[in-house]
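Residue numbers (the working numbering), protein chains in the order written: chain A, 1 to 71; chain B, 1 to 413.
Derived by calculation from the structure, the hints in this document are not laboratory data.
Bear in mind the structure is a predicted one, so any value in this text is a computation, not a measurement.
Be aware that one or more of the hints could be misleading.
Claimed, not checked - Quick partial rundown of chain A residues pointing at chain B, CB under 8 Å, derived from the structure:
1) Tyr13
2) Gln15
3) Pro44
4) Arg48
5) Leu51
6) Val55
7) Arg56
Positions of the beta carbon are idealized from the N, C-alpha and C atoms, including for glycine.
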Amino acid sequence: MRVVVDLNRCQGYAQCCYAAPEAFELRGHEILFYDPAPPEEARPRIERARLACPVRAISVEPAALAGEDAP
Amino acid sequence: MSDDTLFAEVLDPGNRADPYPIYARFRRNPVTRQRDGAYVVSTHAAIRSLIFDPRLSSQDLPPSRRPRTGNPLRDWILNPIKNRVANGHRPLIFRDPPDHDTLRGFVMKEFTIHRVNGLHQRVVSHVDKLIEACRGRDKVCLVEDLSYPLPVAIICELLGVPEKDEPQFHDWATRLATALEPDARRDEDTRRVTVTTFDAIAAYMRGLIREKRRHPADDMLSGLARRGTPDQPAMGDVDLISTAVLLLVAGHETTVNLITNGMLTLLRHPDELARLKADPERAPQLIEELLRFEPPVHFRTRKALGEIEIAGTTIPKGAPVILLFAAGNRDPERFTDPDRFDPDRDDVQHFGFGGGLHYCVGAPLARIEAEIALVRLCQRLRQPSLLADPPPYRPGASLRGPQNLGIRIAGIV
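When you get a sec, could you build the whole thing from the sequences and use the hints?
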């Protein structure tokens, strides 16, 4: 799984940080740090984060698409 | 009825069960002026462009006015001072930057990911306890049996407000929530009741905060009530009280609508109910669609600080602006087939929690509560069906939801 956040869209609503704290962290008011290749077991929480984003900035792609080894 | 009085139809309790056709009429123009000078914003694009606009102020509450008591000391000295203090210390929902951001910062520091997500198990056990209490009955009254007591128990636990005191502030919370409605804000009598109610709940909070300072516990109120130091400033006492009251009232009066609207929508779409029951992993997506389709808060009001040009309309300085979130959520320009409840739609960018600086602080908690409540209800109620459709509604046009929701059941699993 590969996570991509469109940081031009991100407004720092921090909803992803509550949904999947292991993969998203907001530092200061609007600098988002995230794990672009979270472990497969985090998928339900990553999916929650994607859905909860008020500006729909998060996309989740299969790792293969991004040229990585499939899990 | 012409468009410049259309908002009166939104406020009319007769239209509470289905305000969506009125919203569709509003959307013929992104911005519609009302005869009383208010501007209603109803399309998705127009709302989205305004929620971040610093020319829209949230400081739109009428000034505080305490009722006459006949005691000259109170009427001429004490109460005017109290009114001035109250006017300068609105809760953050009615404040603009920079004060709003400072206050919200204090709240967010206590509304930690750890604390909020840590409530998950408590929500599960509360939900199961409340459903279990319905065993042996053939009917569930959803609001009083679950939708109301659940968020109340959880917000009390989060803030550190003793739940045994709830009967005391139950009516206060309802009255303060009612006071947000536009017609209540115009009505002098309601405003006087609001001020008296706020004084009562503030007195209660003041006592509780004193107690938290003496014996701090691991709850939000103890954290917020911490005394400031030069390195780590803290909230002033007046702001602390209005913030605590805001969180308590918000926790009372909104999630109740999300859960009840959710169950109502599922019972109207039995196929979706069955799918959720079979696959609880569908819940997060279903709840986002629910926040679009039947949001707990339909609109919020703002005030134009300067002239605003939008979608061919000029909103003059000082005009009240109504952001009709629930109309934007069903804008056909933004969503395909918007009046259809479809949890499978992928692009649900809704205003169910508002947007911009004032985006609902409690959103992550509301999602947890709604998800667990709806999944458990679907799994545990046997053959649920609506006793009345539409159900009776609470009076609020903004904080809109059923007064009660009677569900016939064949038992509890």
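Hint check results:
{"no.": "1", "hint": "Tyr13", "result": "holds, 6 Å"}
{"no.": "2", "hint": "Gln15", "result": "holds, 6 Å"}
{"no.": "3", "hint": "Pro44", "result": "holds, 7 Å"}
{"no.": "4", "hint": "Arg48", "result": "holds, 5 Å"}
{"no.": "5", "hint": "Leu51", "result": "holds, 5 Å"}
{"no.": "6", "hint": "Val55", "result": "holds, 7 Å"}
{"no.": "7", "hint": "Arg56", "result": "holds, 5 Å"}
Of the hints listed earlier, there is not a single one the structure fails to meet.
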